[in-house]
Amino acid sequence: MATTLYDKDYVAWTRAQAKTLRRMAEARVNVELDCERLAEEVEDLGKSERDAVRSLVTQVLEHLLKIAHSSAAAPVPGWRREIRAARQSIGFKLTPSLRRDLDEQFEALYAIARASAADAFEAHADPKGAGRLPASSPFTLEQVLDAEWWPRRETAA
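Just remember that our numbering sits 1 ahead of the position in the sequence shown, which is counted from 1.
These aren't lab readings, by the way, just hints derived from the structure by calculation. Don't be surprised by glycine CBs; every beta carbon is placed ideally from N, CA and C. Be aware that one or more of the hints could be misleading.
[Claimed, not checked] The calculated lysine-lysine pairs, modelled on DSSO-like cross-linking and capped at a C-alpha distance of 30 Å, are:
1. K94 <-> K9
2. K9 <-> K48
3. K94 <-> K20
4. K20 <-> K9
5. K129 <-> K94
6. K20 <-> K48
[As the list claims (entries may be wrong)] Ranges between beta-carbon positions, derived for each pair:
7. E33 <-> K9: 26 to 36 Å
8. E155 <-> G79: 17 to 27 Å
9. Q144 <-> A3: 29 to 39 Å
10. R29 <-> K9: 29 to 39 Å
11. A136 <-> S56: 32 to 42 Å
12. R24 <-> L46: 28 to 38 Å
13. A124 <-> Y7: 40 to 50 Å
14. D120 <-> S90: 22 to 32 Å
Build the full structure now, drawing on both the sequences and the hints.
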């Protein structure tokens with residue numbers, strides 16, 4: 002059985018289908034379909050997948066930062082569990098087009114994760130942790146996605 006674009010890259014498939022539906026709408030193909038709205042809905046399905054993967058990567062980045070920079074050791078096992086679950090979900094969803102999107106958006110996702118980690122440190126009376134967070138990502142996308150990779154703890158309590 003041949004592998005289709007739908008099977009290989011769902012997000013790319015949604016874009017292609019939306020484009021085809023829009024061409025049908027422009028050509029005024031005589032079918033009882035609301036092609037323009039269908040195109041928008043199909044395209045939104047792909048965007049939802051993209052947003053979900055971006056959110057999961059941001060979550061992994063935030064918890065990697067917490068592991069590396071928190072003064073507290075007790076929460077580390079919980080952060081590791083959350084990272085494992087997020088990495089597994091990313092693995093199920095990741096397609097070639099989503100991988101390209103992550104490459105393009107990685108530093109922006111890191112900035113969001115950094116702000117969330119800083120807020121968490123402040124909320125848990127660990128302002129030194131917030132002060133230790135690097136301005137740009139100390140992690141690569143490959144490390145974020147690697148189920149076996151963990152950061153070194155950079156702190157002394």
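Hint check:
1. K94 <-> K9: At roughly 11 Å apart (the allowed maximum being 30 Å), K9 and K94 satisfy the hint.
2. K9 <-> K48: Status holds; Cα separation ~16 Å.
3. K94 <-> K20: holds (22 Å)
4. K20 <-> K9: holds (18 Å)
5. K129 <-> K94: Outside the cut-off at roughly 35 Å; violated.
6. K20 <-> K48: Holds. K20 to K48 sits at ~14 Å (cutoff 30 Å).
7. E33 <-> K9: 26 to 36 Å: holds (31 Å)
8. E155 <-> G79: 17 to 27 Å: Because 19 Å falls inside the window, the suggested range holds.
9. Q144 <-> A3: 29 to 39 Å: Since the Cβ atoms of Q144 and A3 sit about 35 Å apart, the hinted range of 29 to 39 Å holds.
10. R29 <-> K9: 29 to 39 Å: For K9 against R29, whose Cβ atoms are near 32 Å apart, the range 29 to 39 Å holds.
11. A136 <-> S56: 32 to 42 Å: violated (22 Å)
12. R24 <-> L46: 28 to 38 Å: violated (18 Å)
13. A124 <-> Y7: 40 to 50 Å: Roughly 43 Å apart at Cβ, these two residues keep to the hinted range, so it holds.
14. D120 <-> S90: 22 to 32 Å: With a Cβ separation near 23 Å, D120 and S90 satisfy 22 to 32 Å, so the hint holds.
Checked against the numbered hints above, the structure violates hints 5, 11, 12; every other hint is satisfied.
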